[in-house]
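**Student:** One letter stands for each residue in the lines below.
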Amino acid sequence: MSAADATAPAQDGGRARAMRQMLRALNANKTSWVGIVTMAVVILIAILAPVLTSHDPLEQNILDKLKGPSAEYVLGTDSYGRDIWARLVYGAQISLWIGTVSIAIAMIIGSIIGMIAGYFGGKLDLVIMQAMDVLLSFPSLILGLMVVAMLGPSIGNLIFAIALTAIPPFARIARAPTVSVKERDYIEACRALGYSHPRILVVHILPNIFPEILVMGSLWLATAIRVEASLSFIGLGVRPPTPTWGGMIREGFEHILDSAWLSIAPSIAILIVVFALNMIGDGLRDVVDPKLKGERGG
Amino acid sequence: MAEAPVLSVQGLTTEFRIGGQWHAAVRDMDFQLARNETLALVGESGCGKSITALSIMGLIPKAAGRVARGRIEFEGRNLPDLDDLEMRKLRGDRIAMIFQEPMTSLNPVLTIGFQVAEVLRYHRDISASEAREKALAILEEVKIPSARQRLDDYPHQFSGGMRQRVMIAMALACQPQVLLADEPTTALDVTIQAQVLVLLAELKQRFGMSMIFISHNLGVVATIADRVAVMYAGEIVETAPVGELFDRPTHPYTEALMRSIPRVDRTSAELFAIPGQVPPISRMPQGCRYAPRCGLKQAICEQQSPPLEPLQGTATHFARCWVRAGGAA
Amino acid sequence: MTADILTVEGLRKFFTVKRGFPNPKTVTVRALDGVSFTVKQGEAFGLVGESGCGKSTAGRAVLRLIEPDAGTIRFAGQDVHALDQSGLQALRRKMQIVFQDPYASLNPKRLIGKTLAEPMQVHGLAKGKDLDQRVAGLLAEVGLPQEAARRYPHEFSGGQRQRIGIARALSVEPELVIADEPVSALDVSIQAQVLLLLRGLQEKRGLSYVFVSHDLGVVRWFCQAVAVMYLGRIVERGPLPRMFDEPLHPYTQALRGASPVPDPKAKVQMMRIEGEVPSAANPPSGCHFHPRCPHAMERCKAEYPAWKELGQGRGVACHLFDQ
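Chains as they are written, first to last, in the numbering used here: chain A, 17 to 314; chain B, -1 to 327; chain C, 57 to 379.
Hints are computed from structural coordinates only; laboratory data are not their basis.
Quick caveat: nothing in here was measured; it's all calculated off a predicted structure.
It cannot be assumed that every hint is accurate.
[To be verified] Facing chain B, a subset of chain C residues (Cβ under 10 Å, in silico):
| id | residue |
| --- | --- |
| 1 | GLY215 |
| 2 | ALA248 |
| 3 | LEU252 |
| 4 | LEU304 |
| 5 | TYR307 |
| 6 | VAL317 |
| 7 | LYS321 |
Quick reminder that beta carbons are idealized off the backbone N, C-alpha and C, glycines included.
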């Protein structure tokens, strides 16, 4: 009987095909491409900050303070005479950095917690998920506020605070598919083959639930950037004079009546990034699981 | 067959769109169903047996499929010509269908009594209480124990076998001329399957209806059918009265299929496996569709599609094969 | 007389479930209630019965994929129930499982080659070139082309996936394979291919099987001995084909009679048994089968019949055979 029912399947490899399917699905959702391109431009600008501006974001030029846009200062200057464009692009570095690092931390820790809870089940699951629910019951801004107020404002504490607020949703999003995947025969086969629990979790379950975690990540990145801006706005974020978008809005706020652009420029930057990230997240989510429609970070 | 057939299908071709192109899932189906006859459509998954039933019922999903050609004559009308309203009046009344999954075919939030009575109220102009009485009578007919007490129960309170009985009751409520049964016992345990098969045979006699019984299980088919049509890759490859077919399987596919079943009633040392698998409908071979898996194939088999022809000396046994039935070779 | 490879005695597993709202009641489902059987070296032993009879649970309990509550399992002289983690690890090289659903038994995100290589890496059986060769050997053994290693499960048909599942089980060179309805999800012609493959492996590798199935025809062809289960207990056991030719227990007779045969002349034999399979959460008193049994007597309602050995490997639990 040999290669009996083995007619050759499709010619190309599976990974390439999965990739193409993903791209096709993303294509169906045109807005996600707007998001992807926008984010690519923002990230490029942040990386190329030294090339894109000749000004030092910290350099004060008291004689040129509160100037409108000109050839010298593309977006004008603030009350210390610092170049707003320079502060904006360097601020992008810091805002994106804080957002990405804190969400990466939350993603890793949250997924580990959620997978462990879902995989082992029982009392452990109950205790872990109750704890997560308690954390989840605080709005992320309030929780962040509490942490930073206790530990003091610094980039490290800010990252810690944002990560802490984002861990519970990641734990939840990782737990649910783990519970369903662990019941599958192929996981039982792993147990029958004598694989260790960590191996089953990392090698066999994680790849099956990773897309969902990634979607959550892109949606929560937007939230993280918003929380960072909010905390900086009320003075609990990164200390001045380091430029961040939230800090810039606050500084500009004092001159909102006569020099509105000081606040408007960083506000628009935040708006663009949050919109773009949500577009990407929505697109990814539709690709991964149409059932999740409407789920949002925040 | 002196009497006119109840249902007559001629040249039925049903197509589905795959990757922007139309492919035939069922091609040139011809068969007649006599009064009070059970015709079994048998074949492996993807052979088109369920598609045939859905085509008759007018239930081919419009977005992806269509009845491209052919006539389905029933009570003097050609079913593909009917509009939606006329078809809805017919379905559940003159032609009824039961499905494989008794677990999902009933609405979980409505009582059994309501669901059976609803069929009657939709198709007959009768009062609620009258419909309820008739529903009770038909549930007793399908032998639901203490049916009166169970009328207000919900589907989840019934076992799989009992749910299938409820499905049968709903299908028979309006005393249809034709019942289409799509793998009605496949999801059931063998002892329950036997009960349901006996019940179906009894009811068919009592109501004088005709039945198209779709199954992949030749044992079940041998038990219930009067006539059998074996399907492969969207075509009937052989059809004959049930005794004749099992005594003299002629098409190489039918023969191979019979030899691939391990039997409970005798020790068969040899088990025959058919090499390869059914081709996907988007990549059907030229000529005879079974040729790539056939041990008897000759040059002509791969060039020309054989017609469904009567075997020598019979008027009821047909096979679609150049080697075993046609005049070639 | 060949040696016994697996001896199961008094295996028990109860599941408790809470049902109802707002006052949940605890219900005990007796999935396995004192199951005993023996599998000989190189033999295919069938476990048959209808859904919910506990046959799959029995298979999984032998592997300790489900922890049994009580009973002993001896595999090649070793007490499986008493093994610690590392002992269990070693045991799982020798006992493997093949699943029913070919669509759920392979990790969709993993290349076939990796799925087959991983068990050998974990157990340190092979590495490097040797590993690749072994994967190739496994694929050839189950009748799949070498390119299969570089593909994902979704690219294969049900029958092919079942072959891959078998290859995965073979990768650790087991002596006993628990086959849990390995062909019930497949079309008839493909079913025969997989059965022939399993039979070939039994001969070539000297494998023993515990073959869980609801299909008596398949069991008759594949197995040398069989036990019939009903609501968590074995009601009859014996060698094949004799046991299906002369079934003793009324339930075995009913199963045999209800199993369809591809022969229109045999349909008159089609026996009807009344009633539904009761729930394992609430089995009938006495002999669990008595409400459906055509031979039920008074004592059947009160007392579960003791197991009787009848010689020649046959045994039955039925009051009809009390003398």
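**Student:** Of the hints stated earlier, which fail here?
**Tutor:** Of the numbered hints, just 4 does not hold.
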